[in-house]
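Novice: The lines below spell out each chain.
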Amino acid sequence: MNMNSNNTRVENPKRGASHLLGVFSRKPWIWAFLAAGATYLATLVVVSTSAGAGSLLYAALTFASFSIIVGVGQMFVVTLGPGNVDLSIPATMTLAATLSLKFMASDPTMIVPGLLIAIGVGLACGLFNFALIMLLRIPPIIATLSASFLFQSLAIWSNRGLRIKPPASLADFATGGTFGLPNAAWVALLVSVLAWCVLEKTIAGRWISASGQNTRAARLGGVPVNAVRFGVYVGCAVLAGLAGFVLASFSGGANLNMGTEYMLMSIAVVVIGGSSIAGGNSNVPGIWGAALFMFLIVSMLNSYGLGAGVRLMLTGLIIVSVVVLASKRGRKV
Amino acid sequence: MNRDHLRILLPVLSLGILLAAVFYMQPRAMSYFGLNLLFNLAVPVALATIAQMMILMVNDIDLSIGTFVSFCACVTATFVQTDPLIGYGILFAAILVYAGMGAIIYARGLPAIVVTLGMSFFWSGMAVLVLPSPGGSAPDWLRTLMTAKTPFLPVAIIAPIVIAVVMHYFIKRSSLGVLLRGVGGNEQAIERSGWSVMGLKAFAYGVAALFCVLSGMALVGLATSADANIALRYTLLSIAGVILGGGEFTGGRVSPIGAVIGALTLTLAASFLSFLHLSPDWQIGAQGAILIIVLAVRLVFTRREALI
Chain E
0 MNMNSNNTRV ENPKRGASHL LGVFSRKPWI WAFLAAGATY LATLVVVSTS
50 AGAGSLLYAA LTFASFSIIV GVGQMFVVTL GPGNVDLSIP ATMTLAATLS
100 LKFMASDPTM IVPGLLIAIG VGLACGLFNF ALIMLLRIPP IIATLSASFL
150 FQSLAIWSNR GLRIKPPASL ADFATGGTFG LPNAAWVALL VSVLAWCVLE
200 KTIAGRWISA SGQNTRAARL GGVPVNAVRF GVYVGCAVLA GLAGFVLASF
250 SGGANLNMGT EYMLMSIAVV VIGGSSIAGG NSNVPGIWGA ALFMFLIVSM
300 LNSYGLGAGV RLMLTGLIIV SVVVLASKRG RKV
Chain R
0 MNRDHLRILL PVLSLGILLA AVFYMQPRAM SYFGLNLLFN LAVPVALATI
50 AQMMILMVND IDLSIGTFVS FCACVTATFV QTDPLIGYGI LFAAILVYAG
100 MGAIIYARGL PAIVVTLGMS FFWSGMAVLV LPSPGGSAPD WLRTLMTAKT
150 PFLPVAIIAP IVIAVVMHYF IKRSSLGVLL RGVGGNEQAI ERSGWSVMGL
200 KAFAYGVAAL FCVLSGMALV GLATSADANI ALRYTLLSIA GVILGGGEFT
250 GGRVSPIGAV IGALTLTLAA SFLSFLHLSP DWQIGAQGAI LIIVLAVRLV
300 FTRREALI
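Residue numbers (numbering that gives the first Met the number 0), protein chains in the order written: chain E, 0 to 332; chain R, 0 to 307.
Among the hints, erroneous ones may be present.
Claimed, not checked - Partial list, derived from the structure: chain R residues whose beta carbon lies under 8 Å from chain E:
(1) Val21
(2) Phe22
(3) Val113
(4) Ser119
(5) Gly251
Stated by the list, open to error - If you want the ones that stay clear, here's a sample from chain E, every Cβ over 10 Å from chain R, calculated:
(6) Tyr57
(7) Trp195
(8) Ala226
(9) Gly230
(10) Asn254
(11) Val309
Stated by the list, open to error - Computed footprint of chain R on chain E, listed as stretches where at least three residues anywhere in the stretch have a Cβ under 8 Å from a Cβ of chain R:
(12) 71 to 85
(13) 147 to 154
(14) 238 to 248
(15) 255 to 267
Please keep in mind that the hints were generated in silico from the structure rather than gathered at the bench.
We put the beta carbon where it would ideally sit given N, CA and C, even for glycine.
Bound-form chain R, shown alone (with noise of 0.2 Å):
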């Protein structure tokens, strides 16, 4: 086993415990519309998770990707079900300016936890004004993608699957996603040989924002109606997800499998604390606690690593 392989396992671990223990409580889970169900709404999240991924690949961090998703949301449920040309118009200019703040972010050398913070205003205004109230409607076919009943397994697992699957290729395999952890490595040697860092930079956050826009579109599929303020959660889910998933905060260390596996595991959370019969008091702080322990184990597990 060399160290991405032990990398994985913990997440692995963690996903698999949980789900034992649902099922264990729950044994009905266990099923078709069960398994539907658990992991209904890990789909949005799961694509928040890998758009936070792309941009913690390249060193920065985005900490408007919550109200960037809802904008996306916001959009879909109007001008997409509407006037389909200008909405994909318009999520297509909101790609270009995320990759153009990337581009200006490494131009100017700024902190991107700040201009991301920024524009996560700007996004939150956007979206207001794209749909003052909540309300809208999904387009049909995105209602049908979502719900469609798909043979052996549910949607809820196979998309999963395919976009840990698909980002596995393309990060650890393509040269491209090569050259882009690289820049998260060693910026200077990628500079160094050649290549633009700007261009993958920019590369990196407008892939992220693809994400972040099909990430909207899955919740409006789910949803069936967006607000403002619809997704707000998902900045720090999807930064508890990357690192749940393995992944580092600098070095360009990501796991694609890893990221989408954390995502599974802080909705399946969610949903095991209500089969405990919680008090709603302490949902969110036992969230906290869950993130704790499994980072905690983690700590054995670099720990061997090093020996290793």
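Chain E extracted, bound-state conformation (with noise of 0.2 Å):
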């Protein structure tokens, strides 16, 4: 059985608008590098010299990577279908770089088993959230949330308010860069990749897309479904841990809100991205989309030099018009 029918399609002859159109609307991820070009030209209106456009540019992405990693991780939870949204990835971000950091204590040779300690933190709680939901039959909304509860109260409890730096040599590579692109990027590159392979190339990814679109059949079909939940739920706080890592070393030590933004975060640059909310359907390529715009919107309000509150209902506003404008026409009977 061909279950990859959807991507191959038949090579159109005619060219022309419409064929340009029959494009975008087979690829939802151009919307997002669409609105990210958009704003990112808006803001360069105001930043006029061409190395403010260049580091404009390196700390979108920079800063993007992180949403990125947690995104990804997202994007496959969401894959599973309605109701599936892990809640508890700011938690995980912050215990496992709580964690890790007090391991490695600033010191240097330490730091491949703390970058082991936060993987391991995120596989923890990938197990404790899927635990939740399986064995408790929670719904993952809320198995997540409480989850993340725990997992919150553990990290005050092992941090204390101290602030730990990484070691010098880690802080270098986060905040570093290689062949013109930040490190963070490549790091979440080598995530996007490997997660686009796992997705379209591989038996695994079939799975995750076909138990999204229809569990039940996917069950009767003979696909693993509690393995592939169980995989995806982990996969997920593992990268949670990962950007957590990577975030703690970039900015200089863990603290405990450092995750809080990516609860929204994570959801937003699923969606906007292009992936369906509804599950079963996703593209890794839109979540850099995605990530790009949704930094690109706050660097662009804060050019203008507007207030607080403007900013805010500002990005709120775009946001909406932007799922508006990358919605289907009309509603699917």
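Assembly of the complex is requested from the two constituent chains, each provided in isolation within its own frame, with the hints serving as guidance.
Specialist: Shown next, in the form of structure tokens:
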């Protein structure tokens, strides 16, 4: 059976505007990049120097990469279908960052064990989430929400407001760049390429999409639905742990509300990026466009010198408008 | 006993057990004044939970309730207090915006979770514009209402009961309530039988907004001032309250009485933990644990329900 039939389309001999429109409608992630590009240009009206343009793009890539790492994890969870959202991402990030930085204690020889600790914490958080969802049959939103309260308490308890600096070499890596791209963006790129390969090229990726499109049909068709869920929730938490590690190294230490904005951000980048919130249909490139867009909006409104209130208001209105514009015309019946 | 009775049994039991534990540890709480203190802050939470219930009932979820209640509280503490006419005008316009949002979400088939996330930015921006720094003051009548010394039972007990009973009759007994639950249960069936699903969704969102407005006003009445972040916790509290009260995310299966009890349970859990002299580090975690325990017990109930 050719499960790839969605992606292999018959070459259309006609060219022109209607063809272009067809390509656009088949590639929902293009809208996110268009929006990001438009925002970038709108910011350049104010930041007119070419040095400003370059550094703005560099900053956008740096900050977007954290959203991308958690966004990829959230994308897999959302793909599982309605009601699947991981709300414990911020708490997992904070807990992983706190514990790993505490363990490393600014000692540069401990970087690799520290990274392993962050990933291990992510693994443990993911297992806990999955246990709540699977064994106790708690709806994922509530399960991850209550779990996040526990993770948060653990982080508060272990950290006690102390701010431990990351090892100097790790901090240099996280804030530095290679080949003109920030290192954080390279990490995000690696994560995205891996995620794309898993989603598009492996049987596991097909299983994830199939479970999201119709869980019952997938189960009857022999897809190990529970194993798929297990992998997705644990994978999402591991990515959250990784993002927490990189973010804490980048910003010179973990603090208790470092993850707060990523709850909203992780969901927003998935949906603005063109993945279906109803599940079963996801794409990785859109997450990049959406993450850049989310950062660029804030910097655009900042560079216009607007007050905090107006800035927040416009951010909200722009997000809603993009979602309205990117939606398919009318409703599916 | 039918399914609905079983569904409401667990929230009632968990509230009862928690209340008994609080009374056991602190017998002085078993008084007019004690009960008022315990449940004081439950009134705005219960109103916000009902708002969330209206949205969950039509198969959507609202992640902007916390910021919207904060916005309403800011308007109440400023405009409603100084220029009542403008203040009520703003609140009424906000309700219309909410209803419009419901209509757009339906008409364009948008994911409610994302639209409301976006709107949460909008409302917090508006709240900051209305009240840039914490302050304002409560209208006198609101302060009097929320702190009234009613005979026998304090306001903190009477108000949730009134809310629960009124909403029970509206959602469970009226024909409009049946239609609204029908939108959650089977949207197409409602549409094919000639009702406007868009109108019903807009109505559900409008009612939700009305309860958010009431929640913000009640909050200002209790706290006597407002700030732009005053109710941010309400988004998560309201979802947890509806689910604790036996509601579900899909299918229009909600219980107004359960939702109010869920809100009371969550408020009481916070007091219970402070009576335990728990280290503040673990307060949030223990709230999560209580939620998990109640839902785990519910598993046993639903298994039985399936057998009956």
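Novice: Now tell me if each hint is right for this structure.
Specialist: Verification of the hints:
1. Val21: violated (20 Å)
2. Phe22: Violated - the Cβ of Phe22(R) stays beyond 8 Å from chain E, reaching only about 25 Å at its closest.
3. Val113: holds (4 Å)
4. Ser119: holds (7 Å)
5. Gly251: violated (14 Å)
6. Tyr57: Holds: least Cβ distance 25 Å, greater than 10 Å.
7. Trp195: holds (22 Å)
8. Ala226: Check passes; 22 Å lies beyond 10 Å.
9. Gly230: About 23 Å separates Gly230(E) from the closest Cβ of chain R, which puts it past 10 Å; holds.
10. Asn254: holds (15 Å)
11. Val309: violated (7 Å)
12. 71 to 85: holds (count 3)
13. 147 to 154: Contact hint for the region 147 to 154 of chain E vs chain R: holds, 6 residues under 8 Å.
14. 238 to 248: violated (count 0)
15. 255 to 267: With 3 residues closer than 8 Å to chain R, the region 255 to 267 of chain E meets the three-residue bar; holds.
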